[in-house]
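Peer 1: So you can see what is in the structure, the chains are spelled out below.
2 protein chains.
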Amino acid sequence: MKIDKDFITDEAKELLESDNLIKQAYEEVKTSICSPIWPTNSNIFTINNTEKNCNGVVPIKELCYTMLEDTYNWYREKPLDVLKLEKKKGGPIDVYKEFISEQEEDQDDLEGYKEFTQDGNIRRVGMEFETGNISSAHRSMNKLLLGLKREEIDLAIILMPIKQLAYYLTDRVTNFEELEPYFELTEGQPFIFIGFNAEAYAPNVPLIPKGKDGMSNRSIKKWKEKAEGK
Amino acid sequence: MKIDKDFITDEAKELLESDNLIKQAYEEVKTSICSPIWPTNSNIFTINNTEKNCNGVVPIKELCYTMLEDTYNWYREKPLDVLKLEKKKGGPIDVYKEFISEQEEDQDDLEGYKEFTQDGNIRRVGMEFETGNISSAHRSMNKLLLGLKREEIDLAIILMPIKQLAYYLTDRVTNFEELEPYFELTEGQPFIFIGFNAEAYAPNVPLIPKGKDGMSNRSIKKWKEKAEGK
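Chains as they are written, first to last, in the working numbering: chain A, 18 to 247; chain B, 18 to 247.
These aren't lab readings, by the way, just hints derived from the structure by calculation.
Fair warning: this is a prediction, and the values are worked out from it, not measured in the lab.
The reader is advised that the hints may include incorrect statements.
One copy or two, it doesn't matter: identical chains are merged, so the pair holds either way.
Computed cross-link-like contacts, EDC-like style, restricted to lysine to aspartate or glutamate with a CA-CA straight-line distance of at most 16 Å [as the list claims (entries may be wrong)]:
1. Lys104 to Glu194
2. Lys243 to Asp188
3. Lys19 to Glu94
4. Lys101 to Glu197
5. Lys227 to Glu31
6. Lys105 to Glu197
7. Lys30 to Glu68
8. Lys238 to Glu28
9. Lys78 to Glu45
10. Lys238 to Glu169
11. Lys166 to Glu204
12. Lys180 to Glu28
13. Lys47 to Asp23
14. Lys243 to Asp87
15. Lys101 to Glu194
16. Lys104 to Glu115
17. Lys47 to Glu216
18. Lys106 to Glu195
19. Lys106 to Glu79
20. Lys180 to Glu195
21. Lys105 to Glu28
22. Lys101 to Glu216
23. Lys238 to Glu119
24. Lys69 to Glu31
25. Lys227 to Asp188
26. Lys105 to Glu194
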C-alpha cells in the first residue's frame, strides 16, 4: 500500500517538527498503513479491479492494526473519559498509544520531574481507520476532536482510502476526497488525514474478502486489558 | 409538540439578546416545531406508545417545515457555496432563511449604507431537522459548522426528538441526548440545539405513518427556484 494524499493541520506540522514522540507516532502509522501487500506472495499491493465494490476493506484495516499492535505496541478500543465517565455514552477510539520518552531527566528538582513525566514526557495518539460511510467518518472526526479539546489525546489521525481505490472496495465506504471539504473544521488542533492507495490495479489478483470472511481469529490487544493489568 | 431541552452556545445567547432578526428566527423555529398536533382534531401532540419504533418521524418534520415555508417564508435545500462551488461535493442545508431588517437607514453616508445592507442588515439562518441516525447527525452538525466558519450563515439550529420520544419513532433515528456529548464542539459559534417532545403518550391514538406514506404531495419551496427568480 502507499500514501497518495494527506492533510496535516499547522498545529500537527509544528509538532512533527518539534516533537520526537509525535514524529515517531506518525512514522509508525505510515509504516503500518503502507505494510499491506496483495497477493500475499507479492511485494506490493495490487487490487482486483474487475468491478465496482468487488473487494472488502476490513481485512486491509486489520493488516494495518496488526502491525500497530504487534510491532509497535498500540492498543485497541481506548475509551475517552469524557464519553465513558462523564457523558456515559459513545464508543472508544479505534487504536491508541501512549508514547513515553526514554530520555532521563535530572531528578534533583522533584517537582519539575513530576511535571515533566505527567505532561511533557507522554504523548497520547488516537487513530481511526475508516471502513464506514461518510456520515460515520464525520462521527469519527468529531470523536477525535472531542478527545483533543478535552486534552485526552495530543494528536489525532484518520486513515481513509482515496476515491480511486474506494471504488473497488465495500459499497459506500468513505474516501479521502469525500471528507476533505470538512478537514478545515480541525484547524486549530493537531490533526492528520491520510489517504492511502494500492500500488497497482489488475483484474487477475484474488479479491479481498468482505467483512471478516477469511480472516484469522486473532486476539486483539485491548486497552481495557492493559489498563486492568491483564 | 413542545420543547423539552435545548443547548444554546454563548455566542447564540449574545445574539438572541442583542439582535432582533436572530431573535425572530429563533421564535419562528420554536413556533414551527411546536405547531404539530396529533391526532389532527386534537389541540396537543399525543404519540402512540404501543411499541418501540411504531411511528414515523418524517411527517413530523414535514409539518414543521410546512409552517416555516408557508407562514414564515423559509426555503428548502440551500446549498453552501463552500460545498457546491468550491469543493464541488456535499448536499444543501435543509431549510434556510435570509432575514432582512425593515428599518430604514440614513442613506447620506453611502459607504456606511452599503456596509449596513451587506453585513448589518441581513441575517442568514440555516437549520436541519434530524430524521437520520446518530452519524448522520454528526454530518449535519459539521455542515452547519462549515457554513458558520465560512460566514455563509449567521446562526445554525438543529432539531431532534428527545430520547423518550425517539423510542417510539423510526428505528435508529437520533435523539437530543445521543448527540449531546458533542454539542461542545460548536462552542465559539452561534449554534442552537432543540430537543422536542410530545405533550402526551397514549396507546389509543393513530400511528404516525412511516416514510412518506399518507403525506400530501405538496410542492416544497426550494432555494434554487427563488435564486433563479422562478
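Peer 1: Find the hints from earlier in the document that the structure breaks and name them by number, from lowest to highest.
Peer 2: As far as the earlier hints go, 2, 3, 5, 7, 8, 10, 12, 16, 19, 21, 22, 23, 24 are violated by this structure, in ascending order.
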